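Which chain is which? The protein sequence lines are P and X, in order. Take our numbering: the final residue in the first sequence is number 357, and no numbers are missing along the way. Take our numbering: the final residue in the second sequence is number 287, and no numbers are missing along the way.
Simulated from the structure, these hints should not be mistaken for laboratory data. A quick note: this is a predicted structure, and the numbers were derived from the prediction, not measured. Warning: the hint list may mix true and false statements.
Unchecked claim - Here are the simulated DSS-like pairs of lysine-lysine, each with C-alpha atoms no more than 30 angstroms apart in a straight line:
1. P:Lys135 with X:Lys206
2. P:Lys342 with P:Lys313
3. X:Lys248 with P:Lys135
4. P:Lys71 with X:Lys187
5. P:Lys189 with P:Lys178
6. P:Lys313 with P:Lys300
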Amino acid sequence: MAKITLSDLKHSYYPNPKGPADYALKEIDLEWSDGGAYALLGPSGCGKSTLLNIISGLLTPSNGKILFDDKDVTQLPPNQRNIAQVFQFPVIYDTMTVYDNLAFPLRNRGVDEATVNTRVMAIAEMLEVTDMMGKKAAGLSPDNKQKISMGRGLVRDDVNVVMFDEPLTVIDPHLKWKLRSKLKELHQKVRATMIYVTHDQTEALTFADQVVVMQEGEIVQIGTPVELFERPAHTFVGHFIGSPGMNVLPCEVRDGGAFFGDNLITLEGAIEQGAGTAEIGVRPEFVTLGDTGLPAVVHKVSDVGRHAVVEAKVGDISVKAVLEGEAPAQGAATHLSFDATKTRLYRDGWIATRTAS
Amino acid sequence: MKTQNQKAWFFVLPVLLLVAFNALIPMMTVVNYSVQETFGNNIFFWEGVRWFEELLNSDRFHAALGRQFLFTGIILAIEIPLGIAIALAMPRSGPWVPVCLVLMALPMLIPWNVVGAMWNIFALPDIGLLGYFMNTTLGIDYDMTQNPFAAWATIITMDVWHWTSLVVLLSYAGLVSIPDAYYQAAKIDGASSWSVFRYIQLPKMKQVLTIAILLRFMDSFNIYTEVFVMTGGGPGNSTTFLSIDLVKIALGQFDLGPAAAMSLIYFAITLLVSWLFYTLMTKDDAK
Numbered sequence: 001m002a003k004i005t006l007s008d009l010k011h012s013y014y015p016n017p018k019g020p021a022d023y024a025l026k027e028i029d030l031e032w033s034d035g036g037a038y039a040l041l042g043p044s045g046c047g048k049s050t051l052l053n054i055i056s057g058l059l060t061p062s063n064g065k066i067l068f069d070d071k072d073v074t075q076l077p078p079n080q081r082n083i084a085q086v087f088q089f090p091v092i093y094d095t096m097t098v099y100d101n102l103a104f105p106l107r108n109r110g111v112d113e114a115t116v117n118t119r120v121m122a123i124a125e126m127l128e129v130t131d132m133m134g135k136k137a138a139g140l141s142p143d144n145k146q147k148i149s150m151g152r153g154l155v156r157d158d159v160n161v162v163m164f165d166e167p168l169t170v171i172d173p174h175l176k177w178k179l180r181s182k183l184k185e186l187h188q189k190v191r192a193t194m195i196y197v198t199h200d201q202t203e204a205l206t207f208a209d210q211v212v213v214m215q216e217g218e219i220v221q222i223g224t225p226v227e228l229f230e231r232p233a234h235t236f237v238g239h240f241i242g243s244p245g246m247n248v249l250p251c252e253v254r255d256g257g258a259f260f261g262d263n264l265i266t267l268e269g270a271i272e273q274g275a276g277t278a279e280i281g282v283r284p285e286f287v288t289l290g291d292t293g294l295p296a297v298v299h300k301v302s303d304v305g306r307h308a309v310v311e312a313k314v315g316d317i318s319v320k321a322v323l324e325g326e327a328p329a330q331g332a333a334t335h336l337s338f339d340a341t342k343t344r345l346y347r348d349g350w351i352a353t354r355t356a357s
Numbered sequence: 001m002k003t004q005n006q007k008a009w010f011f012v013l014p015v016l017l018l019v020a021f022n023a024l025i026p027m028m029t030v031v032n033y034s035v036q037e038t039f040g041n042n043i044f045f046w047e048g049v050r051w052f053e054e055l056l057n058s059d060r061f062h063a064a065l066g067r068q069f070l071f072t073g074i075i076l077a078i079e080i081p082l083g084i085a086i087a088l089a090m091p092r093s094g095p096w097v098p099v100c101l102v103l104m105a106l107p108m109l110i111p112w113n114v115v116g117a118m119w120n121i122f123a124l125p126d127i128g129l130l131g132y133f134m135n136t137t138l139g140i141d142y143d144m145t146q147n148p149f150a151a152w153a154t155i156i157t158m159d160v161w162h163w164t165s166l167v168v169l170l171s172y173a174g175l176v177s178i179p180d181a182y183y184q185a186a187k188i189d190g191a192s193s194w195s196v197f198r199y200i201q202l203p204k205m206k207q208v209l210t211i212a213i214l215l216r217f218m219d220s221f222n223i224y225t226e227v228f229v230m231t232g233g234g235p236g237n238s239t240t241f242l243s244i245d246l247v248k249i250a251l252g253q254f255d256l257g258p259a260a261a262m263s264l265i266y267f268a269i270t271l272l273v274s275w276l277f278y279t280l281m282t283k284d285d286a287k
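The following block holds chain P by itself, in its conformation from the complex (with noise of 0.2 angstroms):
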């Protein structure tokens, strides 16, 4: 178990890369510390497979280092790193039965057979598998494969991290559920550092006491779940989390306000200065239907259950707000009212206003 240091880290898949566009990932800086559950969220192709494999000492990254409680370890390969992890697609060795799969990386290090058994039987405890021991694993349906691989990662006592790519991927939804407790279960029970990749906002925020945001190469915000939530650092947080996403309103800042039409909208607080196209940022949960407010037309009302998600049009822009109880009848007339403390200017995507506190 260890702190993972990234510092200054740079890839790109090209030899010579040229421009900013050239790389996978760009200036990377973060500290992990020791034992926590991490999650690193973001779209397709943002670089989090990028960065986990550099984590991991498949790919050596063209710039920065990896610390493992700073111990330089960018140039060791894998099985020199202590560390585990679990694929998208379940790796399992099929000719093994699921007891010597779960020994095999125990084996591979010349531990004793009798420590070797002790692990595999209180790995195979926890994970609920201890009945199928004796099976080949070829066998086995895909959500006990892929315990089996995570089962691989955690019978080593010496992994400084297990890493997580997508794990969940081709597990069936309603057993997708009792994977990811049985996850959080195991990370409390071995403190171990986990870091879980995933474009699934669901699964990061169940599983991880803090998440990472990444968007083309880059972090754009790291903060608890809670955090993200409440106050995404930039747009792109508050649209990929959240559902629906952030309300972004385009808006023009004159006399120290922001203007959303004519309609000077209240702020968390003082605006930062600076340049760059600015727009007003607030969640469809802290948005109301009343009496006073900006004037608008409800354009659609979608009934997901518990609550109403009502797109409403301010002239042409829509508004999206989340409405506990009985929602107001499409064409109806109403009035936008934000939670002031909940709405923020973004300038150029990055958040510009500065909490009141």
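Given the coordinates of chain P, assemble chain X onto it according to the supplied hints.
For chain X alone, kept in the frame of chain P given last:
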């Protein structure tokens, strides 16, 4: 309720006709010959199982069968491991892949009698490249028309040259279908390259290898053309394999009855051994 529509049978009819004309009818003709004696002019005498009994008790058949199994055994023992080794050494990606694949496919594109003729000339002691080199440069007495060992060695080398590519191409197809994650996981698990071969590559190649072994077995067990062109079964009877012997009996001696009986036994052995191979190699998958 389901309506029964018997018209579907008509769709099977063309295949049935095809199989009848290229397999069933010729086969039944052979069965017909195998239980009779003929002296030509379409006059037949009933002989029952006499030809089968005689053949199964004949030393000549035993010797040919023994040579055939020895030959096929040697061929499989060389070509399968060699084919896997070459496939493992081939690049998995890059500009050399097509070059390797074409080079590998070349020997298989040459007609069998041409292969026989090529190696025949190649091995001639006085003018053949190989023969001349062995006799004059190395000073080894090498003449496949005189020396049975030389004849066997040449035929085996020829077959390895001609057909190892098939094993290579099939194994290679199996190898490239293994996802990268397997190799990455093995690296992380600290597996040695032998373990990677034993637990990842070999199991993933198993299905194509089953096909490769079956094809190479059937093909080498039925070898005729190249051997006929190269040695004609000689020197003496040393390279008279089953098919060569069969042709000698059928066309040389014109003993159609015994030849037909031998054909059927030959066919039965090929079928039986193929079935054994297949059953043994796929028995784990059924679980």
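(request) Given the hint that P:Lys189 pairs with P:Lys178, test it: the Cα-Cα distance must not exceed 30 angstroms. (result) With Cα atoms ~17 angstroms apart, P:Lys189 and P:Lys178 stay inside 30 angstroms; holds.
(message) Just to be careful, I want the Cα atoms of P:Lys71 and X:Lys187 compared with a cutoff of 30 angstroms; is the pair within it?
(response) The given pair, whose Cα atoms are some 21 angstroms apart, holds under the 30 angstroms limit.
(message) P:Lys342 and P:Lys313 were given as a pair; does the straight-line alpha-carbon distance stay at or below 30 angstroms?
(response) holds, 20 angstroms
(request) Quickly compare the C-alpha distance for P:Lys313 and P:Lys300 to 30 angstroms and report which way the hint goes. (result) holds, 9 angstroms
(request) Assess, step by step, whether the Cα of X:Lys248 is no farther than 30 angstroms from the Cα of P:Lys135, and give holds or violated. (result) violated, 54 angstroms
(request) Could you grab the alpha-carbon distance between P:Lys135 and X:Lys206 and see if it respects the 30 angstroms cut-off? (result) Holds - the C-alpha atoms of X:Lys206 and P:Lys135 are around 20 angstroms apart, at most 30 angstroms.
Hint 3 from the earlier list is the only one contradicted by this structure; the remaining hints agree with it.
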